[in-house]
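Participant: Given the coordinates of chain A, assemble chain B onto it according to the supplied hints.
Each chain, letter by letter, is given below.
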Amino acid sequence: MPEKPAAPLIHARGLTKRFDTLTAVDSIDFDVAPGESFGFLGPNGAGKTSAMRMIACVSPVTEGTLRILDLDPATDGARIRGRLGVVPQQDTLDTEISVRDNLVIYGRYFGLSRAESRRRAGELLEFAHLAERAGDKVEPLSGGMKRRLTIARALINEPSILLLDEPTTGLDPQARHLLWERLYRLKQRGVTLVLTTHYMDEAEQLCDRLVVMDKAKIVAEGSPRSLISEWSTREVTEMRFPVGVQETLGDRLDGIGDRIELLPDRVLVYSDDGEAAATAVLGRGLVPQTVLVRRSSLEDVFLRLTGRSLVE
Amino acid sequence: MAVADVPGLPQPHRTGDAVPRPSPLAGLRAAYEHQWLLYVRTWRGSIFGNFAQPVLFLLAMGIGLGSYVDKANSAAMGGVPYLEFLAPALLVSTVMQGAVFEATFPVLAGFTWVRRYHAMFATPLTPFAIAFGQLAWIATRATLVGSIFLVVIVLFRAAATPGIIFSVPVGTLTALAFAGPIAAFMSSQRDTSAFNSIWRFGITPLFLFSGTFFPIEQLPAIIRPLAWLLPLWHGVDLARSLALDTAWQDPLVQVAHVVVLTTFAVGGAVAMFVMFRRRLER
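Sequence order for the protein chains is A and B. Numbering-wise, the first sequence is residues 1 to 312 according to my numbering. Numbering-wise, the second sequence is residues 313 to 594 according to my numbering.
One chain only, chain A, in its complex shape (with noise of 0.2 Å):
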């Protein structure tokens, strides 16, 4: 692992990208530490992809400070480039030439040697599992074989930060899990992982520490757990009952629980102790159909900033 200098790789204040009238990124702070995953939780539209091409160097920032490597993009754009792996949320594979000449020439983009370049292309095909592969174009890889391309592309330069955007949008369990699997093993050892997802179970899986964003700005920051205990309970007890009680439930739960929501099809109870809140239900006499203890989990605390609870 890395040494942690004080110095963050990447440094943001009041970083805000507009569209003529339309404001993607509205005044966000947020620091990344070397070695750190981070990642941006966000429901489409919130911001998140705006947020990545302007840390990508691609998109010049509106306004506020942005540094990358304590480098400015907007005077060191082609200079902070050389140091990031980019994952893009679409792929950007060359259809037309091999799989192997995919890396290749990407290599030589940053400046590799031929000799240099082929010699680590070679070794991250094994590292993404795609060896067999490597002289077989890429237009009929599967989608997970395509996405393990784009990532073994993004790690040619040996990347100070690799930047992965949506990184398993669109792929089976199977293909997700194994690009977990390699990317918690990129984040053993030490390389600053940077990414946007909406799917709760990879940020808790991927993510160090994350900022949750909704409508342009970030509305929480917080590791995975932190957040969780910041804005739900330990347990959520979830309960479905018969066609015709759930519309009469009213205030009859009210007192069990931290809080209770009562939504069309059934009733949430958040509270530190799932099995004691159901027990609490029966002895007021109502006795649901259904009954799930489950521990909290981002997707609770997700919604519960960005979805339906805003708005009672």
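The hints are simulated quantities; they were obtained by calculation from the structure and are not laboratory data. Any given hint might turn out to be false.
Claimed, not checked - Here chain B is said to cover these stretches of chain A; the calculated rule only asks that three of the stretch's residues, wherever they fall, bring their Cβ under 8 Å from a Cβ of chain B:
(1) 52-64
(2) 67-74
(3) 90-103
(4) 106-113
Claimed, not checked - Have a look at the derived ranges for each label pair, beta carbon to beta carbon:
(5) Q188(A) - T354(B): 38 to 44 Å
(6) D136(A) - V582(B): 38 to 44 Å
(7) G143(A) - T354(B): 23 to 29 Å
(8) A448(B) - R295(A): 57 to 63 Å
(9) E126(A) - P517(B): 53 to 59 Å
(10) T21(A) - V463(B): 56 to 62 Å
(11) A33(A) - D329(B): 18 to 24 Å
(12) A372(B) - E126(A): 27 to 33 Å
(13) L371(B) - E126(A): 51 to 57 Å
(14) R295(A) - T354(B): 52 to 58 Å
(15) E126(A) - T354(B): 28 to 34 Å
(16) Q530(B) - G143(A): 37 to 43 Å
As the list claims (entries may be wrong) - Result set (DMTMM-like, lysine to aspartate or glutamate): computed pairs, CA atoms no more than 25 Å apart in a straight line:
(17) K146(A) - E345(B)
(18) K215(A) - E593(B)
(19) K137(A) - E96(A)
(20) K217(A) - E204(A)
(21) K146(A) - E204(A)
(22) K215(A) - D20(A)
(23) K215(A) - E238(A)
(24) K137(A) - E345(B)
(25) K215(A) - E299(A)
(26) K146(A) - E123(A)
(27) K217(A) - E593(B)
(28) K187(A) - E36(A)
Just so it is clear, the structure is predicted and the values come from calculations on it, not from any experiment. Glycine included, each C-beta is placed from N, C-alpha and C at the ideal position.
Facilitator: Just chain B now, with coordinates in the frame of chain A:
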């Protein structure tokens, strides 16, 4: 499963002044190299086409049609065999068409469906390197196609004088006069709808009425200025004058041709760079 070791590990984190500066020239070279990589996959079919097209055109137009023209003993052709009149002009027109193709389809693909340019821009490559890497490749292709055409012309004994050699650089200059402006325009497009219009209403009429097959003096007087405005006629007339060794008769006209072609080429290249930057930096 055995744990694969992790390549691509970061170097010790360097920040500020310690971050290396990438070389702009290396970037330009890498963007150009990518084009070669794409070309070598299909070069056999492509080279065959580059030979076959001039052979067919020179057979049908130069020898087939030409035998009638020569019988009529037309003075409009300057008293030379039609094949010799046609050959340098056809070279320039063919090279121009190839360059237009290279400036439309691959450019649109680079921005929209293959997204090659976006991949390049995620690296130290600048819009400058991306635009001029593409343009340098178009110039290379033009020179290659022109050289093959030249070989065919010589094999057909269609060369009036050794001045036919100049048709190749004139062809490349004409190619650039078209490629820059068209690539600039294509980089503002989201789909192929403009693509067909460019060919149907632009390139094909231009090919037919820019003095390649007959002197533009044969065109109605109202249309003639149109041929002067667009760069193809300038390339055709320049290449023909050099090939037939008549350039010395009116040297100022030849200089004007070069000036027009260069203006289009340089203006187009600048426009292409500006448009590429606008599309990439959003």
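Participant: Would you mind marking each hint as holding or not holding in the structure?
Facilitator: The hints, checked one at a time:
Chain B is given as covering the region 52-64 of chain A, and this holds because 5 residues of the stretch bring a CB closer than 8 Å to a CB of that chain, at least three being needed. Using a Cβ-Cβ cut-off of 8 Å, 3 residues of the region 67-74 of chain A lie near chain B, which meets the minimum of three, so the contact claim holds. Counting residues of the region 90-103 of chain A whose CB falls under 8 Å from any CB of chain B gives 9; the rule of at least 3 is met. Counting residues of the region 106-113 of chain A whose CB lies closer than 8 Å to any CB of chain B gives 5, so the stated coverage by that chain holds, three being the minimum.
A hinted range of 38 to 44 Å holds for the C-beta pair Q188(A) and T354(B), which are about 43 Å apart. Taking the beta carbon of each, D136(A) and V582(B) are about 40 Å apart, inside 38 to 44 Å as hinted. Restraint check, G143(A) to T354(B): a C-beta distance of roughly 27 Å satisfies the suggested window 23 to 29 Å. A C-beta distance of roughly 59 Å is found between A448(B) and R295(A), which places it inside the suggested range of 57 to 63 Å.
Distance hint check: the CB atoms of E126(A) and P517(B) are about 55 Å apart, consistent with the given range 53 to 59 Å. Distance hint check for T21(A) and V463(B): the Cβ-Cβ separation is about 59 Å, which falls inside the suggested range of 56 to 62 Å. For the pair A33(A) and D329(B), the supplied restraint of 18 to 24 Å holds, since their beta-carbon distance comes to about 20 Å. Hint check: A372(B) to E126(A), Cβ distance near 56 Å, so the stated range 27 to 33 Å is violated.
Between L371(B) and E126(A) the beta carbon distance is about 54 Å. The supplied range of 51 to 57 Å therefore holds. Hint check: R295(A) to T354(B), Cβ distance near 56 Å, so the stated range 52 to 58 Å holds. Under the hint 28 to 34 Å, the C-beta atoms of E126(A) and T354(B), about 30 Å apart, fit the expected range. At roughly 59 Å, the beta-carbon separation of Q530(B) and G143(A) lies outside the given 37 to 43 Å, and the hint is violated.
Using a Cα cut-off of 25 Å, the hinted pair K146(A) and E345(B) holds, with the two alpha carbons roughly 23 Å apart. At roughly 23 Å between alpha-carbon atoms, K215(A) and E593(B) fall within 25 Å of each other, so this suggested pair holds. Under the criterion of a C-alpha separation no larger than 25 Å, the hint pairing K137(A) with E96(A) is consistent with the structure, at around 7 Å. Among the hinted pairs, K217(A) with E204(A) is consistent with the structure: their alpha-carbon atoms are about 21 Å apart, no more than 25 Å.
Proposed proximity of K146(A) and E204(A) is supported: the alpha carbons are some 24 Å apart, at most 25 Å. Proximity of K215(A) to D20(A) is assessed by CA-CA distance (about 16 Å); at most 25 Å being required, the pair is judged to hold. A distance of roughly 29 Å separates the Cα atoms of K215(A) and E238(A); the hinted pair therefore is violated under the 25 Å criterion. With a C-alpha separation of about 18 Å, the suggested pair K137(A) and E345(B) falls inside the 25 Å cut-off, and the hint holds.
A threshold of 25 Å between alpha carbons decides the hint, and for K215(A) with E299(A) the separation of about 18 Å falls inside it, so the pair holds. Among the hinted pairs, K146(A) with E123(A) is consistent with the structure: their alpha-carbon atoms are about 17 Å apart, no more than 25 Å. For the given pair, K217(A) sits about 23 Å from E593(B) by alpha-carbon distance, which is consistent with the 25 Å threshold. As the CA atoms of K187(A) and E36(A) are separated by approximately 8 Å, the hinted pair is consistent with the 25 Å bound.
In the structure shown, a violation is registered for the earlier hints numbered 12, 16, 23, in ascending order.
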